[in-house]
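Protein chains in written order, with this note's numbering: chain V, 1 to 303; chain U, 1001 to 1526.
Among the hints, erroneous ones may be present.
Heads up, simulated BS3-like pairs for lysine-lysine below, C-alpha to C-alpha not over 27 Å straight-line [what the hints assert, rightly or not]:
#	chain 1	residue 1	chain 2	residue 2
1	U	K1424	U	K1524
2	U	K1487	V	K91
3	V	K91	U	K1194
4	V	K81	V	K91
5	U	K1504	U	K1017
6	U	K1494	U	K1278
FYI, nobody ran anything at the bench for these hints, they're computed from the structure.
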Amino acid sequence: MSQEAIHSGDGPPDYYVPHSSALPIVGSTALFITAFGAGHFIQQSTDTVPTNTGSFGFWIFLIGLVAVACMMYSWFSTVVKESYQGLVSEKLDRSFRQTMFWFIVSEIMFFAAFFGALFHARVITVPWLAGASDNLQTHLLLWPDFADTWPLFLTPGGGLTQAMAAWGLPFINTVILVTSSVTITLAHWALKKNSRGPLKVWLGLTVLLGSVFLVLQVVEYVEAYHELGLTMSSGIYGSTFFMLTGFHGAHVTLGTIMLAVMLIRTMRGHFTADDHFAFEASSWYWHFVDVVWLGLFTFVYWF
Amino acid sequence: MIAHAETVPSGRNPLVKFILRWLLTTNHKEIGTLYLSLSFLLFFIGGAMALTFRAELAQPGLQLMGADFYNQMVTLHGLVMVFGAVMPAFVGLANWMIPLQIGASDMALPRLNNFSFWIMPFAFGLLLSSLFMPGGAPNFGWTFYAPLSTTYGPPSTDFMILGIHMMGISSILGAINIIVTIFNLRAPGMTLMKMPMFVWTWLITAFLLIMAMPVLAGVVTMMLTDRHFGTSFFEASGGGDPLIFQHVFWFFGHPEVYIMILPGFGIASEIIPVFARKRIFGYTSMVWATGSIAILSFVVWGHHMFATGMPLATELWFMYATMVIAIPTGVKVFNWVATMWGGSMTFETPMLFALGFVVMFTIGGLSGLMLAIAPVDFQYHDTFFVVAHIHYVLYPGAIFATMAAVYYWIPKWTGNMYDERLGKIHFWTAVIALNLTFFPMHFVGLAGMPRRIADYALPFTGLNTFATAGAFLLGLTQLLFLYIVIKTVRGGPKATDQVWEGAKGLEWTVPSPAPLHTFEVPPKVD
Ligand code: HEM
Ligand SMILES: [Cu+2]
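Please model the complete structure; the sequences and the hints are all you need to start from.
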């Protein structure tokens, strides 16, 4: 940018460097409280650490979570206010976009860890336990009755479970999420044409679809626990099932909250046809959650 | 213009003002200083732990501590050094230097930057508090293999896991900030292929962090659920597999070792041309080599698992892929040497450390190549030979690179020159002590002395006593380094803006000491 453009009085500053800020230290303290509480809560509620008794962990954990939520609320409203004060230049806007992109990349890698565990278990571990490759001796010595199946109905140790069928609720949920990816795109198009009515309708519908997805997910979990005997502790099938769908559900929850906030902000008249980064970021996140689900549906439920 | 708001509210008591300034700062230089200070502190804590278990190893038998405490020290030493000393040191250097080198006024997201930093002290508080918990600190090595860390891990393991989650958040946010700064805030005319090598290597390191740290978060999460919620990811009776742990861990772990060395490559590539008074040889090939090392680092993780009984084809893949990494690494070493060829060299302290880096890192690379040969790794694996390897790549690698960078840039940070004579003494004593400590480990390792065991067979006594003596000397030399740094911060001959005769680049165009805000108006680069 040329020097003149930088000094011309109106328009945003070339790059806004914010105040010294109390948000980060509040945030890191809150994060610490959450982690400290979570550690004690987990130990106290699962009864695996006899020396750690009581229930203070839960309360500390809760306080930490609330503090994190407050910090995030305050952080994002600060950024929104700064944007209304005209402090966000095109360059800063580009920084926000790139940040969101790389954040989503890191989220993808987080899921990759669990998918990796799933693939290894299915392709290598379970066949090996049943004697494949050069593992016949181990098989005969340890668990001679163990058979290689997927979903793993019967673990080497004798745990039993039934599988979650792909074409019931999970399929309905797939349809819901894919539809919601369409509705969020329609909302975005509406926003770009500045048609606020359709924007609200499509965005509202997306939030609704996200919520229905979550409700159905809960229904599915109840069915898994009570009818199928499929739990976190029913072997590697249950482990990968709940880890993947659980973290995915947590991300859908977060995405739904993000979109709900966007809806509220839309109602309050925020966003213009060419300035609505928060909306776009939330919709990117939503598409990411959707794509992860397609992976889940394919590899956790279907094949 | 860059819009700032005044940093600290005035009219309060100076101590409160001081604390608030460091707690609330969004300035990249101050945050850089915070990172470097934390890393220095943790370097001494991790070092004290190393001296503790080295003292035990001075003689065979158990004299000073039980086997369990020995293992706690080994574990915390590794975790503290990797996540607390090496990584934050490089992030601190990135904070200080990347904006100065690319002509940016600050990092792209200054508040997020402060957040990334302040997570770290809390994370390490959590990790180190495990020492005082019933059952003691984690005792299974920095690689926390299942089932040692799941079925058999002490209760404090849960807090280690949560501490690692926090470090992961910090690293990922920090890495995103660095990537965005480099992509978005370069001064006009600073094209990618004009960026200083330190910036290039950090760009690629940040990419590695974003790809690898979430996987670490995933693996410790699986540990947590295996420990408490009945999952069986790493438990064969449930259809899981401890090998899953190792695969996922090393998928993170190998890129992690490059995270700990690439910025060091960058530092050497900055310093050597300046003191050889020549341009760097083969800049483009340096960039390509760094990029290919980064990509290859995602497909070689199995070289840590040769002894686990992977199928033959897998062993072969990991063996050859690992050896291929030696090619771009060799390109770099070649370029450094070629840069010096025919140069008019002087040997100030930063250059000495950079040369120490090149020579001794190469030794570590060669022992790595030996370890990469699957059939012989069956012999070397889990012995002190591996310990020798990692310390040759990390001590004269990552740590020497950091020290070279501190000597090189401290005149810019403080406006003062360090004491050259003391710097040279520091270098030479460190080199001698380091080789006394780690070279004998090659021999005891080849002869079969296992790592992570508090006692050893009598024939290993001589070399171990030797190594322990070296280790204590090495610890002493770092106290000298602390003294030099403090002395330089407090005063010394004034540095010029350019500082070094052969120095080029934007960071040398700003005054020494660099004022709090620099490049408010982006410089023009041609
Ligand atoms: C030419 C390049 C390199 C090669 C071929 C190589 C090869 C290897 C191999 C095969 C092992 C596994 C040994 C075993 O456990 O049996 C190993 C371990 C290790 N390497 Fe390297 N390496 C190289 C460079 C590096 C660098 C640059 C670093 C870090 C800066 C590094 C850090 C480590 C660490 C920390 C371990 C031990 C992990 C543990 O605790 O088990 N290596 N290396
Ligand atoms: Cu490796």
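- Item | Distance restraint between K1487 (chain U) and K91 (chain V), which requires alpha-carbon spacing of 27 Å or less | Violated, at roughly 41 Å.
- Do the alpha carbons of K1494 (chain U) and K1278 (chain U) lie within 27 Å of each other, as the hint requires? holds (26 Å)
- Starting from K81 (chain V), check that the Cα of K91 (chain V) is at most 27 Å away, please. The hint holds at about 18 Å.
- K1504 (chain U) paired with K1017 (chain U) [C-alpha distance capped at 27 Å]: Status violated; Cα separation ~37 Å.
- Query: Does the structure keep K1424 (chain U) and K1524 (chain U) at a Cα separation of 27 Å or less?
  - Reply: Roughly 37 Å separates the two Cα atoms, so the pair is violated.
- Is the straight-line distance between the alpha-carbon of K91 (chain V) and that of K1194 (chain U) 27 Å or less? Satisfied, since the Cα-Cα distance of roughly 21 Å is no more than 27 Å.
Checked against the numbered hints above, the structure violates hints 1, 2, 5; every other hint is satisfied.
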